[in-house]
Amino acid sequence: MDTLQQLSENMQKGNADQVARLTQQAIDEGCEPKTILDDALVGGMAVVGYKFKKHEIFLPHVLLAAKAMHAGMDLLKPLLVKDGIPTIGKVVTGTVQGDQHDIGKNLVGIMLKGAGFEVVDLGRDVSPEKFLDAAVSEKAIVIGMSALLTTTMPVMRKVIALAHERNVRDQLKFIVGGAPMSKEYAQKIGADAYCYDAVSAVECVKRFIGAH
Amino acid sequence: MRPTVRFLSDQLIEQIIAEARELLCKLGVEIHNDAVLALLGDHSARIDNATKRAYFTPDIIDRSLQAAPDSFRLYDSLGNEAVDLSDMNVNFTPGSSAINILDHESQHSRRPTSKDYVKYTKLMASLEHIASQSTAMVPADVHEMISDSYRLYLSLMFCEKPVVTGAFTIEAFEIMKELQLAVRGSEKELAECPLTIFSCCPTAPLKWSNVTSQNVIDCARYSIPVEYISMPLSGFMAPITLVGSLVQHTAETLSGLAISQLSNPGSPVLYGGSPAVFDVRYETTPMGDIGTMMMDCAYSEIGKHLGLPTQAYIGLSDAKLLDAQAGFETSMGATLAALSGINNIAGPGMLDFESCFSLEKLVLDNEICAMVKRMVAGIEPKEDFPSLPRFEELLREEHLLISEHTMKYLKEEVYLPGPTIDRANRSRWQEEGSRTLGARAAEQVEALVTQHQPVGLSETVLGDLTSLMETEARRHGMSRLPEIR
Numbered sequence: 094m095d096t097l098q099q100l101s102e103n104m105q106k107g108n109a110d111q112v113a114r115l116t117q118q119a120i121d122e123g124c125e126p127k128t129i130l131d132d133a134l135v136g137g138m139a140v141v142g143y144k145f146k147k148h149e150i151f152l153p154h155v156l157l158a159a160k161a162m163h164a165g166m167d168l169l170k171p172l173l174v175k176d177g178i179p180t181i182g183k184v185v186t187g188t189v190q191g192d193q194h195d196i197g198k199n200l201v202g203i204m205l206k207g208a209g210f211e212v213v214d215l216g217r218d219v220s221p222e223k224f225l226d227a228a229v230s231e232k233a234i235v236i237g238m239s240a241l242l243t244t245t246m247p248v249m250r251k252v253i254a255l256a257h258e259r260n261v262r263d264q265l266k267f268i269v270g271g272a273p274m275s276k277e278y279a280q281k282i283g284a285d286a287y288c289y290d291a292v293s294a295v296e297c298v299k300r301f302i303g304a305h
Numbered sequence: 397m398r399p400t401v402r403f404l405s406d407q408l409i410e411q412i413i414a415e416a417r418e419l420l421c422k423l424g425v426e427i428h429n430d431a432v433l434a435l436l437g438d439h440s441a442r443i444d445n446a447t448k449r450a451y452f453t454p455d456i457i458d459r460s461l462q463a464a465p466d467s468f469r470l471y472d473s474l475g476n477e478a479v480d481l482s483d484m485n486v487n488f489t490p491g492s493s494a495i496n497i498l499d500h501e502s503q504h505s506r507r508p509t510s511k512d513y514v515k516y517t518k519l520m521a522s523l524e525h526i527a528s529q530s531t532a533m534v535p536a537d538v539h540e541m542i543s544d545s546y547r548l549y550l551s552l553m554f555c556e557k558p559v560v561t562g563a564f565t566i567e568a569f570e571i572m573k574e575l576q577l578a579v580r581g582s583e584k585e586l587a588e589c590p591l592t593i594f595s596c597c598p599t600a601p602l603k604w605s606n607v608t609s610q611n612v613i614d615c616a617r618y619s620i621p622v623e624y625i626s627m628p629l630s631g632f633m634a635p636i637t638l639v640g641s642l643v644q645h646t647a648e649t650l651s652g653l654a655i656s657q658l659s660n661p662g663s664p665v666l667y668g669g670s671p672a673v674f675d676v677r678y679e680t681t682p683m684g685d686i687g688t689m690m691m692d693c694a695y696s697e698i699g700k701h702l703g704l705p706t707q708a709y710i711g712l713s714d715a716k717l718l719d720a721q722a723g724f725e726t727s728m729g730a731t732l733a734a735l736s737g738i739n740n741i742a743g744p745g746m747l748d749f750e751s752c753f754s755l756e757k758l759v760l761d762n763e764i765c766a767m768v769k770r771m772v773a774g775i776e777p778k779e780d781f782p783s784l785p786r787f788e789e790l791l792r793e794e795h796l797l798i799s800e801h802t803m804k805y806l807k808e809e810v811y812l813p814g815p816t817i818d819r820a821n822r823s824r825w826q827e828e829g830s831r832t833l834g835a836r837a838a839e840q841v842e843a844l845v846t847q848h849q850p851v852g853l854s855e856t857v858l859g860d861l862t863s864l865m866e867t868e869a870r871r872h873g874m875s876r877l878p879e880i881r
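Sequence order for the protein chains is A and B.
Under our numbering, the letters of the first sequence match residues 94 to 305, in that order.
Under our numbering, the letters of the second sequence match residues 397 to 881, in that order.
By construction, these hints were calculated from the structure, which means they are not laboratory data.
Keep in mind that the hints are not guaranteed to be accurate.
What the hints assert, rightly or not - Pairs of lysine-lysine, BS3-like flavour, derived with a Cα cap of 30 Å:
1) LYS206/A <-> LYS804/B
2) LYS106/A <-> LYS299/A
3) LYS769/B <-> LYS147/A
4) LYS146/A <-> LYS804/B
5) LYS160/A <-> LYS146/A
6) LYS127/A <-> LYS106/A
7) LYS160/A <-> LYS127/A
8) LYS700/B <-> LYS584/B
9) LYS804/B <-> LYS144/A
10) LYS206/A <-> LYS170/A
11) LYS251/A <-> LYS223/A
12) LYS778/B <-> LYS106/A
13) LYS144/A <-> LYS778/B
14) LYS299/A <-> LYS206/A
15) LYS807/B <-> LYS147/A
16) LYS700/B <-> LYS422/B
17) LYS778/B <-> LYS160/A
18) LYS515/B <-> LYS144/A
19) LYS807/B <-> LYS146/A
20) LYS106/A <-> LYS804/B
21) LYS160/A <-> LYS804/B
22) LYS778/B <-> LYS147/A
23) LYS700/B <-> LYS603/B
24) LYS807/B <-> LYS144/A
25) LYS146/A <-> LYS206/A
26) LYS515/B <-> LYS146/A
27) LYS515/B <-> LYS147/A
28) LYS769/B <-> LYS144/A
29) LYS206/A <-> LYS147/A
30) LYS106/A <-> LYS807/B
31) LYS807/B <-> LYS206/A
32) LYS127/A <-> LYS183/A
33) LYS232/A <-> LYS170/A
34) LYS127/A <-> LYS232/A
35) LYS160/A <-> LYS807/B
36) LYS147/A <-> LYS804/B
37) LYS175/A <-> LYS160/A
38) LYS769/B <-> LYS146/A
39) LYS206/A <-> LYS276/A
Generate coordinates for the entire structure from the input sequences, incorporating the hints supplied.
In structure tokens, the structure reads:
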């Protein structure tokens, strides 16, 4: 079994130490950092995502794999940056103003951090201004908004409207989630995506970061 | 602690048993089988040959109870232990002998064919929470005189799990025994490692037919386990009260116990039944009625009090489709049965007063069985004390998703059901097609049947089984068996 295959399999099993060792080994063997990233780590996470959807593995296993991937990314990051390949992004998360429910938002944060993203968690009851201020000052690429109440959902529209007012809408991607939310509502308020769970939120952020 | 439920006090149990014994001794039991009457007569029962009544004695009853084993095990067709019928152990088996199948495509009930039966056995092979198979349906495309043995044949050909079955005639016992001997190799092996349980039913009130009583002694001769299926109908063929019906159930079951234990002391038996209240509006025998379920649990308590393993037809429904009624009646029954410690709970897959089988329901019921088994495993500490370190970890890490403790006990503590049970949030459910329970269950049936692997019996044994069955079919005028491959 070659190094990249071993690396992929260890990452899928969540063996962070082995992933770090094998990533270094692959680098030492002369593998291109982008090849290690795409073939072993990203490819391995695609398998993890597939297995999760098929209920062959569960959320903790996804998180362990994501953390293991992170261990490999720590070694690849300087090399990728040197090659001019962006590797990481920052996400601002929060439960919108008037809403105190944060379990779903916290789970998204855990999974994003596990996958190697930087997460700026603004907590609960977050005003539109606070979302935008943080996103701009932290140079975030994605804002993740959560709401449990139908009465607080409209705040999400206000956040996006404020981004337009401040002329930063094009620099940001808005993802939304929460029990009363839907794809249709997300489209209606001009959000970029609706995510029905934490794993889909991570996939979504990865897409946006990649596109960015 | 294992959770339990009780419906009867010890005092009431003893009173019911005493009343039942009095019925057996003073009213007697009508038995339409001369050999059984002679057997009882040989053991000092008074026999009235004109009315075919046998009047039991306290001694016969006591000796039968002493002789009957308090537990036994079933073994699969490869000889592996599969079902432990002891103490408060709970095992599930599908309902049996449905004359119809619920066709998923048409949603109509129709007569089952051999192909339906094969699909069922293949499905049973993969349902891990249902420990044994039953001869669940009666295929309508074979001669009726082989419809009992043919079910057993198909079950053995496609699934290794032990089989709860029964003979419809006296003659059928022979071929059904031979099929088992073909698998086990000898009478000794069959006696030591039982492969089947035969259901034997007295007739309410206090009667045994020629066929069923003969089946009891034939099974006893080969130490093939028997489950007694007494069926008092409260308010019709039994007293309206649950206690009165339990007295009748006890008397009928003890009479069956005596027949087997006098034939072969120590022969394995299950203290079973299928009592029901009688619905005086529809003239039906609802298995999903709460009174029916209470009787099942109560007679199991009586059986356990007598030191016998127990069985019941509970965990099934009278609904005609896989609807909410099917779910709630099945779940309620299975839950109560497990809390009562009924050792062999028969019912999964069954609808319509035990007359219609649904493969889709069987898949759903497999999940019910799993949840119920999780329930009776109870709540036990698992490295929970002292609690402080765990909560320190929670506060430090901000979650316990990948804590060692979580990873160690996740599967043991939390039963995660298969795809038949909808646990997705609404958006994901919609994205995955907004499928109904029926659609999910049907998809799971097809997926599991497709994954079926051939049984581990040798080609020689499989050939012997087919040869025996073909010979039996020819005896009844069928030149060939239906195509099943």
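Here is what the structure says about each hint:
Among the hinted pairs, LYS206/A with LYS804/B is consistent with the structure: their alpha-carbon atoms are about 23 Å apart, no more than 30 Å. Between LYS106/A and LYS299/A the alpha-carbon distance is near 21 Å, which keeps this suggested pair within the 30 Å criterion. With a CA separation close to 24 Å, the supplied pair LYS769/B and LYS147/A stays within the 30 Å bound. Restraint check: the Cα-Cα separation between LYS146/A and LYS804/B comes to about 22 Å, which is no more than 30 Å; the hinted pair holds.
Taking the CA atoms of LYS160/A and LYS146/A, the gap is about 19 Å. The hint holds against a cut of 30 Å. Pair hint LYS127/A plus LYS106/A holds up; C-alpha atoms about 22 Å apart against a cutoff of 30 Å. At roughly 19 Å between alpha-carbon atoms, LYS160/A and LYS127/A fall within 30 Å of each other, so this suggested pair holds. Among the hinted pairs, LYS700/B with LYS584/B is consistent with the structure: their alpha-carbon atoms are about 28 Å apart, no more than 30 Å.
Under the criterion of a C-alpha separation no larger than 30 Å, the hint pairing LYS804/B with LYS144/A is consistent with the structure, at around 20 Å. For the suggested pair LYS206/A and LYS170/A, the alpha carbons sit about 16 Å apart, so the restraint of at most 30 Å is met. With a CA separation close to 12 Å, the supplied pair LYS251/A and LYS223/A stays within the 30 Å bound. With a C-alpha separation of about 25 Å, the suggested pairing of LYS778/B with LYS106/A holds against the 30 Å cut-off.
Of the pairs offered as hints, the one joining LYS144/A and LYS778/B holds, with about 28 Å between alpha carbons and a cut-off of 30 Å not exceeded. Of the pairs offered as hints, the one joining LYS299/A and LYS206/A holds, with about 12 Å between alpha carbons and a cut-off of 30 Å not exceeded. At roughly 17 Å between alpha-carbon atoms, LYS807/B and LYS147/A fall within 30 Å of each other, so this suggested pair holds. Using a Cα cut-off of 30 Å, the hinted pair LYS700/B and LYS422/B holds, with the two alpha carbons roughly 25 Å apart.
Annotation: proposed proximity of LYS778/B to LYS160/A holds, straight-line Cα distance about 27 Å (limit 30 Å). For the hint linking LYS515/B to LYS144/A, the alpha-carbon distance of about 28 Å falls within 30 Å, and the restraint holds. Of the supplied pair hints, the one linking LYS807/B and LYS146/A holds, its CA atoms being roughly 18 Å apart against a limit of 30 Å. For the hint linking LYS106/A to LYS804/B, the alpha-carbon distance of about 15 Å falls within 30 Å, and the restraint holds.
With a C-alpha separation of about 18 Å, the suggested pairing of LYS160/A with LYS804/B holds against the 30 Å cut-off. This hinted pair checks out: LYS778/B and LYS147/A have alpha carbons roughly 29 Å apart, not beyond 30 Å. With a C-alpha separation of about 24 Å, the suggested pair LYS700/B and LYS603/B falls inside the 30 Å cut-off, and the hint holds. Of the pairs offered as hints, the one joining LYS807/B and LYS144/A holds, with about 17 Å between alpha carbons and a cut-off of 30 Å not exceeded.
At roughly 20 Å between alpha-carbon atoms, LYS146/A and LYS206/A fall within 30 Å of each other, so this suggested pair holds. Between LYS515/B and LYS146/A, the direct Cα distance comes to roughly 27 Å. Compliance with the 30 Å bound is thereby established for this hinted pair. Only pairs whose Cα atoms come within 30 Å are accepted, and LYS515/B paired with LYS147/A is accepted, the gap being roughly 24 Å. Only pairs whose Cα atoms come within 30 Å are accepted, and LYS769/B paired with LYS144/A is accepted, the gap being roughly 26 Å.
A hinted pair counts as satisfied when its Cα atoms are at most 30 Å apart, and LYS206/A with LYS147/A qualifies at roughly 23 Å. Proximity of LYS106/A to LYS807/B is assessed by CA-CA distance (about 17 Å); at most 30 Å being required, the pair is judged to hold. Of the pairs offered as hints, the one joining LYS807/B and LYS206/A holds, with about 25 Å between alpha carbons and a cut-off of 30 Å not exceeded. The hinted pair formed by LYS127/A and LYS183/A meets the criterion: a straight-line CA distance of about 21 Å does not exceed 30 Å.
For the proposed pair LYS232/A and LYS170/A, the alpha carbon gap of about 18 Å is at most 30 Å, so the pair holds. At most 30 Å may separate the alpha-carbon atoms for a hinted pair to count; LYS127/A and LYS232/A meet this at roughly 24 Å. With a C-alpha separation of about 21 Å, the suggested pairing of LYS160/A with LYS807/B holds against the 30 Å cut-off. Straight-line distance between C-alpha atoms of LYS147/A and LYS804/B comes to about 21 Å, which keeps the hinted pair within the 30 Å bound.
For the hint linking LYS175/A to LYS160/A, the alpha-carbon distance of about 23 Å falls within 30 Å, and the restraint holds. For the suggested pair LYS769/B and LYS146/A, the alpha carbons sit about 26 Å apart, so the restraint of at most 30 Å is met. Simply put, LYS206/A and LYS276/A have alpha-carbon atoms about 24 Å apart, close enough for the 30 Å limit, and the pair holds.
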